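Colleague: The chain contents come next:
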Amino acid sequence: MRLTFLNSIGLNHDPFATPVAEQEASSVDDIPTLYSYYLHPKLTSIGDLIITEKALRQMEKNLFIYGEPGDGKTTSRLVLEAECRTQIEKTLAVTYLLGEDIERPLTLEEHGARLAKAIAIDLFIQVIEQFNPADQPVNNKRIEVLKKQVALGGRHIQRLTRLILDNNIPNARAGLGAYWRNVGICPVQYVPKTDAIVELLQKCLEKSREKEHLTGWDLVAQGLYAARLWGFKRILVMVDGVDTRQRTPKAMGQLLEPLFEKLAGLTAQDVYFRFFLPLEIKKPVERILRKHKRLQNYKYIPIMIKWQEDSLRRLLVQRFFAAGSHIDGLDVLAERNLNIDEKLVSAANGSPRRLLQLVSDLIDVYVTHKPDETRITAPDWRNMLENRTYD
Amino acid sequence: MSYTPTNLFEYNSTAFVPRPAINAEIQCWVDSGGGDKQVLSLIAPPGSGKTWLLNYLMSAWGKQRFVIWVDISTFISKKDTIIKEEMLDLDAISIWLKRVCAEAKKYCKHFPEYDANLTFGRMIELIVETACQRCELAYLPLVLVDGYDDVSEEQALVVSDRILAPFVGDDCWRMIIARREERRLINFKLRNSEETDKEVLAKIKSLFSVTGADFVYEQFQRFIPAYHKNITVDKRIFEIWAGAFSQYTWNHPFINAYLFDQATSNSSTALSTLTCAQLMDCFKATIQRRSPEAPKPIEKISDSAFDILRKIACEAGESWTELDFEEQLGLKYPRKELEPLFESGIIVPAGNGYSRYKVADGLREFLRELCA
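Quick note, the sequences are listed as chains A and B, same order.
Going by my numbering, 133 is the number at position 133 of the first sequence; the sequence numbering is gapless.
Going by my numbering, 40 is the number at position 40 of the second sequence; the sequence numbering is gapless.
Take the hints with a grain of salt, since some may be wrong.
To be verified - The list that follows gives simulated cross-link-like pairs (lysine-lysine, BS3-like), each with its CA atoms no further than 25 angstroms apart: (1) A:Lys54 - B:Lys98; (2) A:Lys193 - B:Lys37; (3) A:Lys42 - B:Lys109; (4) B:Lys37 - A:Lys54; (5) A:Lys193 - B:Lys98; (6) B:Lys79 - A:Lys193; (7) A:Lys306 - B:Lys109; (8) B:Lys78 - A:Lys90; (9) B:Lys198 - A:Lys42; (10) A:Lys282 - A:Lys42; (11) A:Lys61 - B:Lys198; (12) B:Lys198 - A:Lys306; (13) A:Lys90 - B:Lys109.
As the list claims (entries may be wrong) - Residues from chain B that keep clear of chain A, each with C-beta distances beyond 10 angstroms, as calculated: (14) Phe9; (15) Ala92; (16) Val100; (17) Thr119; (18) Lys189; (19) Arg310; (20) Glu322.
Claimed, not checked - Computed Cβ-Cβ distance ranges for the label pairs, DEER-style: (21) B:Asp31 - A:Ala378: 40 to 48 angstroms; (22) B:Thr81 - A:Leu3: 50 to 58 angstroms; (23) B:Glu339 - A:Asp48: 41 to 49 angstroms.
Think of the hints as simulated: they come from the structure by calculation, not from any bench.
This structure is a prediction, so every number in the text was calculated from the model and none was measured.
Positions of the beta carbon are idealized from the N, C-alpha and C atoms, including for glycine.
Working from the sequences, and respecting the hints, build out all of it.
Modeller: Rendered as structure tokens:
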């Protein structure tokens with residue numbers, strides 16, 4: 001019923017199906033519609049300095065981006081990653097997730113091992129995505145380092161390689177990119193299946209001549225070397241997923257602390273971190289950074305995500321537009337003087353996730369209307385508030 | 001005597017009335033503005049001269065600046081397909097790329113030769129990279145994109161993904177896309193790179209909506225040598241026509257041209273005696289696609305939708321909401337009939353949000369004349 005209604009007002013899909021970035025990014029096979037919804041939030045640093053999208057991508061500093069749950073941290077992270085992967089700046093985007101699979105604080109060495117694997121997977125994907133034999137001739141050295149990354153990436157990467165080699169290019173906007181979901185990565189652009197890519201992948205599956213038994217941060221160093229060899233000039237490591245439900249602020253701090261020890265050393269190698277963190281951990285992070293002698297000269301750049309009513313209103317419009325509708329809000333469906341869009345933006349209280357959930361709930365109330373009532377009414381609004389699914 | 005319109009869609013440099021103010025504004029954006037926004041959408045209703053302006057910029061700027069022309073409709077395969085790999089006409093793209101590479105060499109020797117062994121996507125990336133990293137071009141290179149409205153959304157998306165988006169992969173390029181308001185940019189790179197500065201957009205919009213007797217007069221002065229060289233028009237009659245047109249409220253370049261063409265082709269038809277049916281033909285011609293061979297079929301506007309449209313233009317005020325519509329016109333909102341009118345850019349958002357709409361500028365005034 002909901003979809004029929006949305007189609008009847010000119011929407012080609014449900015842009016309010018889920019307000020959670022991870023679900024939006026994984027709900028479809030092709031390039032996620034999430035990117036067409038995206039609206040850059042206001043990011044401010046010390047002294048009300050505004051951080052643009054470009055600055056977020058290009059600043060050669062480690063940045064700590066803080067926001068409340070539902071403020072769009074993960075969405076910003078996904079878009080930042082997509083931009084790195086599509087701009088010709090030769091920036092390798094590495095996503096380092098510290099999600100709920102981690103039950104206790106990691107040691108420095110364990111961080112190294114996990115980060116090395118993340119680099120391996122992202123490097124492999126981005127080499128294929130940006131592969132240009134005219135620019136980067138395939139030589140033994142490049143093949144050898146990539147083979148090591150394929151081995152480090154494990155079964156998932158090897159299966160992905162076979163999938164590409166054994167199948168036709170998918171009928172998707174992303175072409176080969178549609179396969180990236182097998183390794184948990186969003187496709188962001190079209191990737192052709194060229195003879196050169198096929199040849200490269202075949203070589204990657206050959207057994208490596210050299211046997212090495214590296215661990216932890218040595219593997220990271222190996223990944224960084226491979227990235228350099230494949231033409232990447234710098235690396236952005238995007239840390240997200242720290243605020244899983246079961247983790248206390250103290251546990252979050254403990255999880256991050258070993259990683260901070262490496263910041264200075266990695267920065268010297270053109271590796272820059274973007275930490276997407278919950279606001280509640282801002283003070284603990286600052287305490288940790290002060291505590292470490294090695295970090296005392298380190299320039300800490302905190303960035304806050306802020307959503308104003310005007311931006312939330314534009315976010316709503318963007319959702320409708322991205323779904324192909326000429327309707328730019330729910331006012332058009334509501335009885336006169338109800339000012340439903342204004343009410344929604346106000347009730348969202350600065351949270352884009354809350355706004356989207358409220359809209360979704362209101363649509364549900366509306367489609368279960370009595371057939372003789374064709375407009376959203378004041379009782380509908382009250383009914384929605386009483387039964388809302390998001391607090 | 002029946003009237004067959006002259007081909008008024010094809011760009012004709014003799015007939016084009018330059019609009020120096022908007023050229024200057026666009027040039028200012030291309031060279032100094034933009035910041036990290038590389039894409040400027042030139043938004044205007046059908047028939048208001050977007051394609052002609054792009055053509056003019058191409059010829060005027062192409063002498064000093066590396067300008068690439070993209071007509072999206074020429075890249076679409078004739079095959080009726082939903083398979084994305086088959087939507088593009090690879091031969092047409094190769095021919096275009098060969099031309100682009102040859103042209104590029106005139107501006108910088110480092111630009112690559114066309115290489116048939118590379119995918120077109122890689123070839124475009126090489127051109128983009130070379131311009132930014134190896135060439136010292138005197139002016140930022142520019143891509144002019146036309147035909148965005150002439151293809152389906154799916155086709156526009158495939159072309160945007162594979163041909164247009166790589167051009168915004170580096171900051172040194174600028175792109176101008178002519179499109180109607182309702183055909184928004186969906187590709188996320190294009191959308192994220194699209195200029196959003198309200199002041200800039202409002203200025204360009206106001207400069208583009210030409211009005212006034214001067215424009216009509218110059219349009220007519222250029223019209224005869226461009227299309228009807230063998231016709232001698234009595235200067236006095238010409239003055240009367242131009243004077244009459246300048247009194248009309250629509251001031252719409254294509255409608256002006258169409259009606260003048262009709263009057264010039266058939267000397268028995270004076271402008272003042274144009275029938276309602278003739279005016280309707282003019283309106284339909286205005287909203288039709290440029291070419292019947294364009295990949296997207298010509299929009300068919302039903303008679304009932306047309307009647308509703310006239311009613312809206314005459315009775316619903318300049319802009320309206322669904323509720324106004326029902327209250328003022330006493331009609332239940334005909335969502336289904338109006339959908340193709342939104343699709344073809346005849347009804348557009350009024351720009352002040354809250355789901356207010358209007359009939360596109362120029363067309364609204366013309367429809368009001370039709371009612372009169």
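Colleague: Check each numbered hint against the structure and report the violated ones by number, ascending.
Modeller: The structure breaks hints 1, 2, 3, 7, 8, 11, 17, 18, 20, 21, 22; every other hint is satisfied.
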